[in-house]
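Enquirer: Now for the letters of each chain:
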Amino acid sequence: MSLSILAIDDSRTIRDMLTLALTQAGFDPTVAEDGIHGLEVLDGMQPDAIITDINMPRLDGFGFIEAVREQPQHQTTPILVLTTESAPELKARARAAGATGWIVKPFDPAKLVKALNMVAGTGTA
Amino acid sequence: MTKPDPMAEIRASFFLECEELLEALQDGLLALDGGDKDPETINICFRAVHSIKGGAGAFGLDDLVRFAHRYETVLDAIRNGTLTPDHDTMLLFFKAADFLSDLVRSSQTGDGLEPDLVEGTLLDLESFTGDAVKEEEAATDFEPMAVSLDLSDFDLPSGTVYRVIFAPEPELFKSGNEPQHLLRALAEAGTARITCDSSKLPRLEALDPENAYLSWTVDIETEVSAEDLTELFDFVDGLCSLVITEVSNAPPDKPDLPAPPPDAVDISNPGAPLASPTLQKSNGTRPTQTPNATVRVDLDRIDRLVNLVGELVINQAMLSQSVAEAGLTSDSQVTSGLEEFMRLTRDIQDSVMMIRAQPVKSMFQRMSRIARETSGAIGKRVNFLTEGDNTEVDKTVIERLADPLTHMIRNAVDHGLESKSDRLAAGKSEEGTITLSAAHKSGRVIIEISDDGDGINRPKVKQIAETRGLIPPGQDLSDHEIDALLFLPGFSTMTQVSDLSGRGVGMDVVRSAIQSLGGRISITSVKGRGTTFSISLPLTLAVLDGMVITVDGETLVVPLSAIVETISLMDDDVKRLGPDTNVIHIRDVFVPLVDLGVELGYRSAPTDYEGRVVLLISQEDGARMALLVDTIEEQRQVVIKGLQATYGRVPGIAAATILGDGKIALIVDPVDLMTRASGKTGTPSEDLQLAG
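Chains C and W, in that order, are what the protein sequence lines are.
1 is the number of the first residue of the first sequence in the numbering used here; add one for each residue after it.
1001 is the number of the first residue of the second sequence in the numbering used here; add one for each residue after it.
Think of the hints as simulated: they come from the structure by calculation, not from any bench.
The beta carbon of each residue, even a glycine, is placed where N, CA and C say it ideally should be.
Mixed in with the good hints, there may be bad ones.
27 Å max Cα-Cα, derived BS3-like pairs, lysine-lysine [unchecked claim]:
no.: 1; chain 1: C; residue 1: Lys91; chain 2: W; residue 2: Lys1380
no.: 2; chain 1: C; residue 1: Lys111; chain 2: W; residue 2: Lys1174
no.: 3; chain 1: W; residue 1: Lys1361; chain 2: W; residue 2: Lys1380
Just so you have them, the derived chain C footprint on chain W, three or more residues with Cβ under 8 Å [what the hints assert, rightly or not]:
no.: 4; segment: 1041 to 1047
no.: 5; segment: 1222 to 1228
no.: 6; segment: 1369 to 1383
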């Protein structure tokens, strides 16, 4: 099944890499450059999962997740946080904001795909 | 065409992005250094370094990751307010930014950097935050550790049976996690039997839809270790109760297994209370992906386009000429159509040139680094300012300006600014100021480097030139002429060749580099107040606005930028100063008169000047000359064709062009002519090629 994924990162390189990894996995990625842009893009789409960076201009990942969770239609949309830190307090903050899980950068495309499949319930196989 | 490797493309784009990020970092640091207290400024710096780290990690650029990580940690300390930046911190931040940019470059080319250098800068950085960072370091140490969901290749004895009891808490549902998905992932790790315990489920009227009542018991035979099973539940750690116990190595249907709880529910339809409203798949239109603000284009393609546009301009000129010769009236359709065509050609040309244009900002930032490094090396405090960072200049011009500017900035710090004690003695602030500015001025780009030093020591300059035999001793020279001595080959004012500016590169090399770009350099210096070097450059290397003139039947082009005005002479305007020296009297000033025909050897000087046409030419420093020509034909854009490759340097001639009738016309270099004709200071001729 082709999952539709919204991927948000302020780094063009990471966006390119996410697009590549997701496309190769047969997913249908849409990208955005920061939290505000992410919300704009999200308005009108119902992605199967969202991937977001934390450190971003205008609206960071925490703010973005909180804003997404406020929208009734996105209360259960899986949101994976993409972060270079694996610090527990970051995980805790991400979770408090409403994140489903996290992926540590640099990400392994295969693992990213598995994690997406798992949170979106499409099976890891 | 072979399909390019997508990763290689992303890698190339990563390094481009790094350049942008480094620029943003530099801007942010400058703002911080200038006392900017906006928290977003430090955030921008932090994010720039952070993004570099993120991308570098993806490409396994370990040195870059390591350095960026430490740098980021210190920046974070400032962001959190645990560290307040002072002057020394800022200096170190700049140094670290420079170093980061070196690392980016070396990562790109694959050359390693000196490990000692890396460590040294790292230690400096860390000394600012001390132990606090080290501790945090341990917590956030950057390890590429991803969630391990790859359960296929574990080398464990098969047949271990675990019992997993999983009871979600209501918060789990708020995180967007879904028990069904977790259980499915778990089941895929081996052979599983899943039973649901719905005993806590209340009666429907008492059911709180936001609460969690179900739990699951999974007996799974798997080759995966208990830790890896736990890791599957990493995302919901703390949002559920999870107990994993090893039961035995026996197959799961052994009779000694405790019986699964009653009310087994098929996992494919878990009755977990849903905290969420029903999901509605919206079939609404997907927002179109926002278009990228930039497109990356191979420079070769742009150059090809520039060349083609050049040909188009020539062709259009030829067409205009044919139409004119056909004797069509000006209100004919062909003529008006042609006018529109000319306008379009001009627009296309401008647009193409704009593609090549880039803000000088990145180069200015490099120069700011040069100034910092130079001032650090010789212990002078320098306040380096830039103006007009967003002025756009042809990319090639920017690239080729880097070396001459580097040299001039070093000179300004090393020679231009006085020593600390001299400054204080002169009643100036201890910190010297160097300003690098760029601006567009009447179709050219003016780049100025000013210092607030002591100005050129003219007696000393003259004396050195005499000692070196560059000029005959005892000449009476104007200030301007003395300043021009600095450009003579083999001139160096420092008796002791200093480490920085005295690298065997003199101002003569700087000047020829600038001249090879079709540019000019001039000096203004006021004793005790400072020196300004002013560089004037054409906007592009490909076309030129020119005045088409004739001299003795030859058609020539004079760059419009050099012409101040055209004057029709009366015989008594001309005053003879000597056998070969004439001046004309214009508005209370005497300007040397140069006959282009004579200078280029076409004919001898006329005896009568009545009604003759002169072009008043101005140099960047304000020096003027009247250039005598026979007729003025028209004013037009011409495409520059270099001569140097074929003919070497031709005195007084900058380049050539092809006119509308297909004839070749030489493009005059009026300033070289001026220098040559006045014979001042015996300046040798330099390359005057405008474009290749």
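Enquirer: Honestly, which of those hints from before does the structure not fit?
Expert: 1, 5, 6
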